Amino acid sequence: MELNFCYLYPELLNLYGDWGNVLTIEKRCQWRGIKFNLETISLNQKLEIEKYDFFFIGGGQDIQQKVVAKDLIKKGPLLKEAAEKNKVFLAICGGYQLLGKYYQPFSGEKLEGVGIFDAWTESSHYRCIGNILIESEINNQKIKIIGFENHSGQTYLGGKCQPLGKVIKGFGNNVKEKSEGARYKNCFGTYLHGPLLPKNPQFADYLISLALSQKYKKNINLEKIDDTLEKLAFEEVLKLYFGR
Amino acid sequence: MKKILAILVGKIIIFLSPFLKLGGGTSAPGKITLKIYPKLLKDSRKIFKKGVILITGTNGKTTTTKLLVEILKTAGFSVIYNSGGSNLPRGIISAILKKQPLLGKAEVDFGVFEVDEAYLEQVIKNLNPSLVILGNLFRDQLDRYGEIDILAQKWEKALKFLPKNSFVLANSDDPTITSFAEKFHNVKFFGVENLQTFKTNPEHIADTIYCKKCFIPLRYSKIFFSHIGKYFCPNCSFKNPKIDFIFKNPQLDKGKIKGKICFQNKCFPIAVNLEGTYNFYNLIAAVSAAFLLKIESQVIKKGLENFSAAFGRQEEIFYKNRKIKIILVKNPTGFNQALGLLKNSEKVHSILFLLNDNIADGKDVSWIWDVDFESLPHNFELFFGGRRAYDMALRLKYAGQIIKKENISTNIKAIFEKAVSKTSPSNTIFIFPSYTALLDLRNYLQKILPIKKFWEE
Chain U
1 MELNFCYLYP ELLNLYGDWG NVLTIEKRCQ WRGIKFNLET ISLNQKLEIE KYDFFFIGGG
61 QDIQQKVVAK DLIKKGPLLK EAAEKNKVFL AICGGYQLLG KYYQPFSGEK LEGVGIFDAW
121 TESSHYRCIG NILIESEINN QKIKIIGFEN HSGQTYLGGK CQPLGKVIKG FGNNVKEKSE
181 GARYKNCFGT YLHGPLLPKN PQFADYLISL ALSQKYKKNI NLEKIDDTLE KLAFEEVLKL
241 YFGR
Chain L
1 MKKILAILVG KIIIFLSPFL KLGGGTSAPG KITLKIYPKL LKDSRKIFKK GVILITGTNG
61 KTTTTKLLVE ILKTAGFSVI YNSGGSNLPR GIISAILKKQ PLLGKAEVDF GVFEVDEAYL
121 EQVIKNLNPS LVILGNLFRD QLDRYGEIDI LAQKWEKALK FLPKNSFVLA NSDDPTITSF
181 AEKFHNVKFF GVENLQTFKT NPEHIADTIY CKKCFIPLRY SKIFFSHIGK YFCPNCSFKN
241 PKIDFIFKNP QLDKGKIKGK ICFQNKCFPI AVNLEGTYNF YNLIAAVSAA FLLKIESQVI
301 KKGLENFSAA FGRQEEIFYK NRKIKIILVK NPTGFNQALG LLKNSEKVHS ILFLLNDNIA
361 DGKDVSWIWD VDFESLPHNF ELFFGGRRAY DMALRLKYAG QIIKKENIST NIKAIFEKAV
421 SKTSPSNTIF IFPSYTALLD LRNYLQKILP IKKFWEE
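Each protein sequence line maps, in turn, to chains U and L. Heads up: the first sequence at position 183 corresponds to 183 in the numbering used here, and the numbers run straight through without jumps. Heads up: the second sequence at position 133 corresponds to 133 in the numbering used here, and the numbers run straight through without jumps.
No lab work stands behind these hints, which were simulated from the structure alone. Model, not experiment: these values are computed from the prediction. One thing to keep in mind: the hints can contain errors.
Claimed, not checked - Restricting the straight-line Cα-Cα distance to at most 30 Å, the calculated cross-link-like pairs of lysine-lysine (DSSO-like) are:
#1 Lys144(U) - Lys178(U)
#2 Lys224(U) - Lys51(U)
#3 Lys46(U) - Lys302(L)
#4 Lys154(L) - Lys231(U)
#5 Lys110(U) - Lys154(L)
#6 Lys418(L) - Lys325(L)
#7 Lys160(L) - Lys66(U)
#8 Lys142(U) - Lys405(L)
#9 Lys74(U) - Lys347(L)
#10 Lys66(U) - Lys213(L)
Bound-form chain U, shown alone (with noise of 0.2 Å):
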């Protein structure tokens, strides 16, 4: 089996270790025998979303928001209809915010975002920094979700998609509701750092089996591996930040 991974935007929305998701999706198909290909596709390059599985797309600077918004006006519709055909994409942080409907900077205008979320972003003068512990249900199964916040943008869900998860301990989406992250088909967007998916092995390998299932046109079951370094890394945060 193989696993077709696109990167986008590799050089403009990279901040807090995001990169490492990439990694970690790359490894959990290796180790288990699953060849992963990875391309990158940025400003001014043609997007061929047939050619891919699974996109990515990581969080930046106001500034490199700015300029892959402009990008996005020519590629949007090409990963919305990607969206729509069930492919698989994982957001962090502003490229979240990006594939919303729009995203209000502080200064300067609106930023029209791709809309596979009904969500939209604001800026505010709140900091949501700091550890956040989220229930998540995938799968008819309830698992709890790890990561490290940093936004002030204010994220709002509208009714055509789901959040992420619920907040047990943190910020979320926006101070005033306890939802984060946003879900559409097989699509996810979520603020957490940390990276992501490196201490939630569950989540990523949930991410691959959604991608080959979608691709192989059958319900792809992978082989356990073991993850007994992740769930150590995940308790000893627990412990620290959530009381547990």
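Following the hints, position chain L against chain U.
What follows is chain L alone, placed relative to chain U:
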């Protein structure tokens, strides 16, 4: 009256610090005195007869400070400086209080202070420095500072508060700095020439720097590390400004940095007890400052010969017949450079990573995923300690290393002793601690070894 009270209180706290276990008295005294008398830092400016020099940058502040101080002392000047890396305003005032007699009639030649990147404007306004050194700007503790672009803007603004005759000394090979520094009226540049080891593409895609005017990626004829090198914008005329103080043919040779320092067409050779490409820049920064302060090259040369590395910056100690090298790591660039030192060291058997996530370390440990562990050879035995030992172990697992569960412990003392016991005698252990993990390690080492307390330097 308030001022005298503030100084008195500060000096009492400094005296009591070792007994009250307040650390080295490098920060607490300052914090409290500034509360009693906030103008203390500004008032202390008049102590310094010949001026104040400020040193800032993401990496290398402590080493650059120590180098410059060594040169100034060799030249016969009296200097107050902040050692132990306490570089917030309260750390600076603590350093001044320690050396200043009770009623502030002291006269010291120079104040040399490293300043935390986010506090440059505040300290410039208070101390009116005659010279500011801008070493480099890399991504660091993002949960504290936010973004490189914002820091660059802050620095550009901070420079506007400098006295008219003051100088800025900037790194010509760092485009994040030169893009604004070259606009300053009294700027001089330092840099390297003829450095033989370089790449032509960025090590990490994250190191791409964009031209501020054209917003397209800068191209490099030579990249030395991170975004440092010889760069140009393919569209406009932005490129490395002309270097006033050149470090020619810098190289590493048997644990020393060697090369030629050139200024106004006069050159002289040097050899210093330092390692690592990044230290080429710290070295030339300090030497350039010394030249600007009108110190003669012979004296500079002598000062450099007297130099030995600071606390946690390539510190070397011996314990139970094992050689232990401790190198502080604070951000991806610094860590990559520190890992580079492994190549030039012999008989390295073990590596101990110590990662904390306290405020001074950066609470978000995501940054370790931007460190290039993928090129770490596989012949070391790895150990992990500190609050986030497991996160570090996980990072190395994904970098393709074999991780032994028994080599991981949040207890720094225990894992240090384990690393020692599992390393054969007369072999070397490299320790890479984050900032507070280094302090934790030092606290333990001071109990078992006759090493200096860091605040005693």
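Next on the checklist: Are any of the numbered hints broken by this structure? If so, which, sorted upward?
Outcome noted: The structure conflicts with hints 3, 4 and 9, although it agrees with all the remaining ones.
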